[in-house]
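We have chain A already, so just place chain B on it with the hints.
Protein sequences, first through last, are from chains A and B.
Anchor point for the first sequence: position 304 equals 304 in the UniProt record's numbering, and the numbering is continuous, going up by one each time.
Anchor point for the second sequence: position 17 equals 17 in the UniProt record's numbering, and the numbering is continuous, going up by one each time.
A hint or two may mislead.
To be verified - Some chain A residues near chain B, calculated using beta-carbon distances under 8 Å:
1. T51
2. S203
3. L218
Just so you know, the hints here were simulated from the structure itself, not pulled from any lab data.
This structure is a prediction, so every number in the text was calculated from the model and none was measured.
For every residue, glycine included, the Cβ atom is placed at its ideal position computed from N, Cα and C.
Number of protein chains: 2
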Amino acid sequence: MSGLIGLDWGTSSLRAYWLDGAGEIRETRTRAWGIRHLPDGGFDAALTDITAGWPRLPRLACGMVGSRQGWLEVPYMDVPADTAQLGSAVRSLRTKDGLDVHIVPGLRNPQGPDVMRGEETQLLGALALRPALIPDSSWILPGTHSKWARVRDGAVADFCTLMTGELFALLRQHSILCAGSGDAAVDHDAFARGVIAARDSGSAGAFSRLFSARALMLDGALAPDAVPEYLSGLLIGEELRSSLATNRFRHDAPLQLIGDAVLCARYRLAAFHFDLDLAEPLVDAAAHGLWQIACDIGLVSANSSTTSKESSSC
Amino acid sequence: MSGLIGLDWGTSSLRAYWLDGAGEIRETRTRAWGIRHLPDGGFDAALTDITAGWPRLPRLACGMVGSRQGWLEVPYMDVPADTAQLGSAVRSLRTKDGLDVHIVPGLRNPQGPDVMRGEETQLLGALALRPALIPDSSWILPGTHSKWARVRDGAVADFCTLMTGELFALLRQHSILCAGSGDAAVDHDAFARGVIAARDSGSAGAFSRLFSARALMLDGALAPDAVPEYLSGLLIGEELRSSLATNRFRHDAPLQLIGDAVLCARYRLAAFHFDLDLAEPLVDAAAHGLWQIACDIGLVSANSSTTSKESSSC
Chain A
1 MSGLIGLDWG TSSLRAYWLD GAGEIRETRT RAWGIRHLPD GGFDAALTDI
51 TAGWPRLPRL ACGMVGSRQG WLEVPYMDVP ADTAQLGSAV RSLRTKDGLD
101 VHIVPGLRNP QGPDVMRGEE TQLLGALALR PALIPDSSWI LPGTHSKWAR
151 VRDGAVADFC TLMTGELFAL LRQHSILCAG SGDAAVDHDA FARGVIAARD
201 SGSAGAFSRL FSARALMLDG ALAPDAVPEY LSGLLIGEEL RSSLATNRFR
251 HDAPLQLIGD AVLCARYRLA AFHFDLDLAE PLVDAAAHGL WQIACDIGLV
301 SANSSTTSKE SSSC
Chain B
1 MSGLIGLDWG TSSLRAYWLD GAGEIRETRT RAWGIRHLPD GGFDAALTDI
51 TAGWPRLPRL ACGMVGSRQG WLEVPYMDVP ADTAQLGSAV RSLRTKDGLD
101 VHIVPGLRNP QGPDVMRGEE TQLLGALALR PALIPDSSWI LPGTHSKWAR
151 VRDGAVADFC TLMTGELFAL LRQHSILCAG SGDAAVDHDA FARGVIAARD
201 SGSAGAFSRL FSARALMLDG ALAPDAVPEY LSGLLIGEEL RSSLATNRFR
251 HDAPLQLIGD AVLCARYRLA AFHFDLDLAE PLVDAAAHGL WQIACDIGLV
301 SANSSTTSKE SSSC
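Just chain A, same shape as in the assembly (with noise of 0.2 Å):
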């Protein structure tokens, strides 16, 4: 049997697919076992978990799983970088099952300087599914750390790292602001005024406008329960305005997003009050990346991709 299994493998979680002889997803798994959550046994026991019942094929990870704090260091590499040069620098190291597990390096983008791990392997599965975006796209794959990258020539060149989702769970969780917050419902007038807040914050930026959660709630203008939402919309607004600013990122085309689906739909709600069209998400894009990386090394063989899906095909 032909195949790959591939690893996303982050901080908080551990994500497995099997993948056919073709590319094509047959099953997925998710743990929360990300590299700092291990179950007994470490990342070993994590592994054979997770494939248990699978068939012995090759393995790639991607991810944190790759970092210092991971299994096996791999070193970033610079921008920019395409599937034959991420392929490449892929290190390997044998498992107590007598198999290897093959790690993909993170980047690093000199400007910044910045750090990616896993999101390099989703960019270049997200190019394999829509090969008129190889040339030149910009890219927001929403998360605990925002990434926005540019693509040029299949390559990813540039890219930037915005801290939204940490720091809403921050001041949702330890703040001032949302003391007296209860359970956080969803409520979109919150959310847009937040984000319009950001929007028009101008250069000064939107952190200038934090305190306003509060002064708005003392003004009896923004309920309690309302705060979290409302600076939800400040923050990604604030990522969309700040990275909109720099002129590093194209949006003459419509800006690509990869990841959850609630959060993207979060991220397309605010882009609308930017005048900003945002695509709809792509899915599992780390699948594909681990499977184009695993082409181009020779870890499954060219010949066994006889797909019906062209773009993710070796």
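Same frame as chain A, but now just chain B:
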């Protein structure tokens, strides 16, 4: 005996001043009894303890003690507001010892919106100490919630809150950025690098550079223990960058500082990288502001102010 007991009563601390009949400070006491950390017996017990042994004098308070969570809510006044206007809105309550405590209102800025409690009194006290600044001056009051304020014709005309101190505390204690950092040590070089990164972040703003703390650390270009100082510089630098971007605050004359000496010294270091002139900080401004308001509303008699220090007289 004439004189005043002035109380600067905030969220996390209480400071009491005994002023003589000429408005000079005779004694100052500080307790950790902010309105959220009161001793057994609450406000009455805190007041009795901190004024123990002092003469029975009129008592005037400012700060969060006048908030909804305070001893008596004194509604915010809208800017612009001067000493007479703040004095006219003072409210009073009878305490268990049979005397009154009078409480100064906070200020609300419809632009923002924004609010302050306590800083308005510090500003009026500072103007009494530096009357040349009464016509038009700009002020920074660094802290958990830093305030930038514009004074015109002796009235607080405009202000803005930057949550610099609270954001730094959140990042220091909870963010992944500081996960590998030990106890903070003063590191002028790391601080300056943060300030410069913020200054050079342009209209994108320094929050788009936050993750550089991690990338620099991974690069070996920033020691893990230096990350907090880098972040302190980045956040104070962003406060300067974003406030100067608005043109709401004049900087063709030195900006005035009120507050804690150590924190103000950080702001002066940061200002150096912006070619910005920050004056020596004023201390005990709240005491002088409370004295001004007490004179205005007749809590202390004008003929008692046979002061040698004209600037602080009624």
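Contradicted hints - numbers only: Of the numbered hints given earlier, the structure breaks just one, which is hint 1.
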